[in-house]
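Colleague: The chain contents come next:
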Amino acid sequence: MHFEPSLGDAAFRAEVREFIELHLPQGMARRSYICSQPPDIGDFRRWQRILHDRGWGAPHWPVGFGGTDWTAMQRHIFMEEIYRADAIDYGWQGTHMIGPVLIAFGSEAQKRRYLPPMLRGDEIWCQGFSEPNAGSDLASLRTRAELVGDEWVIHGQKIWTSDAGEADWGFFLVRTDPSAKPQRGISMLLVPMSAPGIRIRPIEALNGGRDLNEVFLDGVCVPRENLVGEPGQGWTYAKYLLEKERTASAYLYRNKRELEKAKEIARAERAGGQRLIDTPEFARKIARVEVDLLALEWSVLRILAGEKNQHDADAVVSALKIRGSEMQQRVAELQIDALGPRALRVFRQHDRSAEVIEGTPLWPAYVPGRLGQFLYARAATLYGGTREVQKNIIARRVFGL
Amino acid sequence: MDLDLTDEQQMLRDGARRFFREHYGFDVRRALLASETGMSAGCWARYAELGWLALGQPEEAGGWPCTFVETAILLEEFGRALALEPYVSTVVLCGHILARCDHGGAARAELQAVVEGRDRLALAHDEVGGRYDTERPSVVAGRRGEDFLLRGCKSWVLDAQAADRLIVSARPEGAGDLALFLVDATAAGVRMSTYSLVDGTRAADVVLDDVRVPASCLLADEVAAPVVLREAIDRAALARVAMALGAMEAVLQMTADYLKTRVQFGQPLGRFQALQHRLAEMFVEVQEARSILCCGLAHIDAPAVQRGAMVSAAKVVAVNAARIVGAQAIQLHGSIAMTAEYAAGHYYTHLLAFEKLYGDADWHLDRFAAHAVA
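Residue numbers (the working numbering), protein chains in the order written: chain H, 1 to 401; chain B, 1001 to 1374.
One should not assume that every hint holds.
[Stated by the list, open to error] Estimated spans, in silico, between C-beta atoms of each pair:
1. B:Phe-1265 <-> H:Ala-313: 30 to 38 Å
2. B:Val-1028 <-> H:Gln-310: 25 to 33 Å
3. H:Ile-41 <-> B:Gln-1010: 47 to 55 Å
4. H:Arg-275 <-> B:Gln-1306: 19 to 27 Å
5. B:Gly-1176 <-> H:Glu-21: 46 to 54 Å
6. H:Arg-267 <-> B:Thr-1067: 34 to 42 Å
7. H:Gln-310 <-> B:Glu-1008: 14 to 22 Å
[Claimed, not checked] 20 Å max Cα-Cα, derived EDC-like pairs, lysine to aspartate or glutamate:
8. H:Lys-256 <-> H:Asp-86
9. H:Lys-308 <-> B:Asp-1002
10. B:Lys-1260 <-> B:Glu-1281
11. H:Lys-308 <-> H:Glu-243
12. B:Lys-1356 <-> B:Glu-1135
13. B:Lys-1260 <-> H:Asp-312
14. H:Lys-111 <-> H:Glu-123
15. H:Lys-308 <-> B:Asp-1007
16. H:Lys-308 <-> H:Glu-245
17. B:Lys-1356 <-> B:Glu-1127
18. H:Lys-181 <-> H:Asp-137
19. H:Lys-308 <-> B:Asp-1004
20. H:Lys-308 <-> B:Glu-1249
21. H:Lys-308 <-> B:Asp-1014
22. B:Lys-1356 <-> B:Asp-1133
23. H:Lys-244 <-> H:Asp-314
24. H:Lys-256 <-> H:Glu-333
25. H:Lys-256 <-> H:Glu-326
26. H:Lys-308 <-> B:Glu-1008
27. H:Lys-111 <-> H:Asp-168
28. B:Lys-1260 <-> B:Glu-1249
[Unchecked claim] Sample of chain B residues at the chain H side, in silico, Cβ under 8 Å:
29. Ile-1292
30. Ala-1298
31. Val-1373
In case anyone wonders, no lab produced these hints; they're calculated from the structure.
Each residue gets a CB set at the ideal place from its N, CA and C atoms; glycine is no exception.
Generate coordinates for the entire structure from the input sequences, incorporating the hints supplied.
Modeller: Here it is, written out as structure tokens:
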């Protein structure tokens, strides 16, 4: 056991930092500072292209598919630098979710067709998993697909589909064998979001955002070859996709950056004639969050370093998800607390006017966006498996209960 | 960075776990609690034979030079077994001070005695009113020819009853705020009144009534003393985090086992989701405690300010975890955990003692904040 960083990590960090400084458009960084979650789709496309041109479009992919041969620690450094600079986190649903699934289970034709435009940011992806009656109990999903001739015909409804309106493609979990046990009857299909029979209804979120959607599929036809891997294996692929990046559920990089923002606010805001950050009460409040964030960071480092953990790997990831999601909420709470009553003013999520982006003396740029991100953070303990589901997993995997 | 144990480290862990399993059962420990010194001199001799008292000490003193990781590994097992011997006082605290002050002479000889298991030591630093910051002790070290004369009162000297020697902090007359002296625990003028702490360990108030100390037993002068003392206390604080981690893991497992066997309402308690979730929450706390221990270990040899901040972070996170795990262990067990005849409560009191020793969570949170929040 030793803690010495690897030779070359510092040089690698410098290389990444320099690249980002040179290539990240200033306006994009400002917009991402205001609201990073979800990113502006146009910005996302541009930034993905910039990273791709450098060969960094999907660092976690195998080299042969346009990825890198970086170590886990280098990928960690890369993500720290991305967030530190308010650059855009690369495409979750594309390069992070369906990309690795296609690399592992897709046909050669699928890899050729879908991976390159995904890597370039030319095609945006969305994920069709949840349904009105299949949330935590995802295996009870009812959207069905039937093979008619050479086409899958899909009927059903999905919900909470982020970016459905902007996405070119979706990967959908559908029931293809109603007679099999719930998990075994599910398959994964790739669906063009422009297909006839798809209707998208945006859902206005608590924070005013409109990136969540209901997606209705009414006799949508896709070719037979749009099935991923084997029929009946959709559940396995979905699990694979959710577990691929084991440390992602800590949201470590976002949390670290957002804590910095909370400190920036507390340095600028004043209370009782002094900087808020200089009041012992608020300093302790920040410190309390920061020590837990350090623990979270070391939980991530333990996984990255490949520690042969004595506990079940799924349970460790669930613990990470619980802490990481709660941390998003706590950091957002700090920001809101630091802003005081000013936190309550509503700024439209996609307001990109100069007053918002540059700030004004009365309303500095650190105000807009914080309320929206705070509200969005309430979902952190819901998406990707609720906190309660994570606790079930821990009880089962660690204690056999 | 490599977070896996080396073969040697794994052997240390396995050996310690086996030793405590075979020689330190609940009944053995209860008998020790009732004994006069509250610890086992026999076990101490075994620790010396096993090489545990040599961990991290310089070769010149017969030590086994290694990183602090080894100490943490061993103390995790101490915590798992709730071992009562004054390892932290003697080896981690005083052993470090001796090693840092080793310019040959008294310190070297004393260090050899520690490594060989001949002497146990206690640190006499805290004073009434000082809480966790006795930067300028009221105990004075006057001069009597070449010798020093120590006069004053120390409080809260952990493990004093089992100590052969004390390391005493005192204000040298006319030369700064703080110096460290090696004092024979049975020297003329040393009076101890011993008391028990909640976890069964002992401490004492120590009156020093013109205790004569030869100049050769001045370990650290006013320049070195504050630095060395802070290092040693930080190491002790982190060592106790490792102990607490071992204790938390043990009591969590004990609680899970209990929930599987205890039947109420016609089924094992472990079937109830409310209780499963409580266990899961305890598991998360223990995971985070292990992670923050890694953070502390990674910085234990860093420059003072950074080291202090990371040790403080470790303490704050671990105390929070200990409160949750300790309290829930009792709650999930039910009344059985309230008895002295059952181990769960002993883990609870161990974790309670851990909270308050070498700086509590409030003290450490403020130190962390001073470093990180500005």
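Colleague: Are the hints correct? Go through all of them and say.
Modeller: Status of each hint after checking the structure:
Remark: the range hint 30 to 38 Å for Phe-1265 of chain B to Ala-313 of chain H is upheld by a beta-carbon distance near 33 Å. Range check, Val-1028 of chain B to Gln-310 of chain H: about 26 Å between beta-carbon atoms, so the 25 to 33 Å window is met. The hinted range of 47 to 55 Å is satisfied by Ile-41 of chain H and Gln-1010 of chain B, whose Cβ atoms lie roughly 51 Å apart. At about 24 Å, the beta-carbon gap between Arg-275 of chain H and Gln-1306 of chain B stays in the expected band of 19 to 27 Å.
Gly-1176 of chain B and Glu-21 of chain H have their C-beta atoms about 49 Å apart, which keeps the hinted 46 to 54 Å range intact. The hint said 34 to 42 Å for the Cβ distance between Arg-267 of chain H and Thr-1067 of chain B, and at roughly 37 Å that hint holds. Checked against the given bound of 14 to 22 Å, the beta carbons of Gln-310 of chain H and Glu-1008 of chain B, roughly 18 Å apart, stay inside it. Between the alpha carbons of Lys-256 of chain H and Asp-86 of chain H the distance comes to roughly 12 Å, so the proposed pair stays at or under 20 Å and holds.
Between Lys-308 of chain H and Asp-1002 of chain B the CA atoms are separated by roughly 10 Å; this keeps the pair inside 20 Å, and the hint holds. With a C-alpha separation of about 17 Å, the suggested pair Lys-1260 of chain B and Glu-1281 of chain B falls inside the 20 Å cut-off, and the hint holds. The hinted pair formed by Lys-308 of chain H and Glu-243 of chain H meets the criterion: a straight-line CA distance of about 17 Å does not exceed 20 Å. Between Lys-1356 of chain B and Glu-1135 of chain B the CA atoms are separated by roughly 19 Å; this keeps the pair inside 20 Å, and the hint holds.
Proximity of Lys-1260 of chain B to Asp-312 of chain H is assessed by CA-CA distance (about 19 Å); at most 20 Å being required, the pair is judged to hold. About 14 Å separates the Cα atoms of Lys-111 of chain H and Glu-123 of chain H, which keeps this hinted pair within 20 Å; it holds. For a cut-off of 20 Å, the pair hint linking Lys-308 of chain H to Asp-1007 of chain B stands: about 13 Å separates their Cα positions. A distance of roughly 17 Å separates the Cα atoms of Lys-308 of chain H and Glu-245 of chain H; the hinted pair therefore holds under the 20 Å criterion.
Only pairs whose Cα atoms come within 20 Å are accepted, and Lys-1356 of chain B paired with Glu-1127 of chain B is accepted, the gap being roughly 15 Å. The suggested pairing of Lys-181 of chain H with Asp-137 of chain H holds, with an alpha-carbon distance near 14 Å, which does not exceed 20 Å. A C-alpha spacing of about 6 Å is found between Lys-308 of chain H and Asp-1004 of chain B, which places the hinted pair at or below 20 Å, so the restraint holds. Between Lys-308 of chain H and Glu-1249 of chain B, the direct Cα distance comes to roughly 17 Å. Compliance with the 20 Å bound is thereby established for this hinted pair.
Under the criterion of a C-alpha separation no larger than 20 Å, the hint pairing Lys-308 of chain H with Asp-1014 of chain B is consistent with the structure, at around 16 Å. With a C-alpha separation of about 13 Å, the suggested pair Lys-1356 of chain B and Asp-1133 of chain B falls inside the 20 Å cut-off, and the hint holds. Proximity of Lys-244 of chain H to Asp-314 of chain H is assessed by CA-CA distance (about 11 Å); at most 20 Å being required, the pair is judged to hold. With a C-alpha separation of about 14 Å, the suggested pairing of Lys-256 of chain H with Glu-333 of chain H holds against the 20 Å cut-off.
With a CA separation close to 13 Å, the supplied pair Lys-256 of chain H and Glu-326 of chain H stays within the 20 Å bound. With a C-alpha separation of about 16 Å, the suggested pair Lys-308 of chain H and Glu-1008 of chain B falls inside the 20 Å cut-off, and the hint holds. As the CA atoms of Lys-111 of chain H and Asp-168 of chain H are separated by approximately 16 Å, the hinted pair is consistent with the 20 Å bound. Among the hinted pairs, Lys-1260 of chain B with Glu-1249 of chain B is consistent with the structure: their alpha-carbon atoms are about 17 Å apart, no more than 20 Å.
Interface restraint check for Ile-1292 of chain B: the shortest CB-CB distance to chain H comes to about 4 Å, inside 8 Å, so the restraint holds. Because the closest C-beta pair between Ala-1298 of chain B and chain H is about 4 Å apart, less than 8 Å, the hint holds. At its closest, the beta carbon of Val-1373 of chain B sits 5 Å from a beta carbon of chain H; the interface hint therefore holds under the 8 Å criterion.
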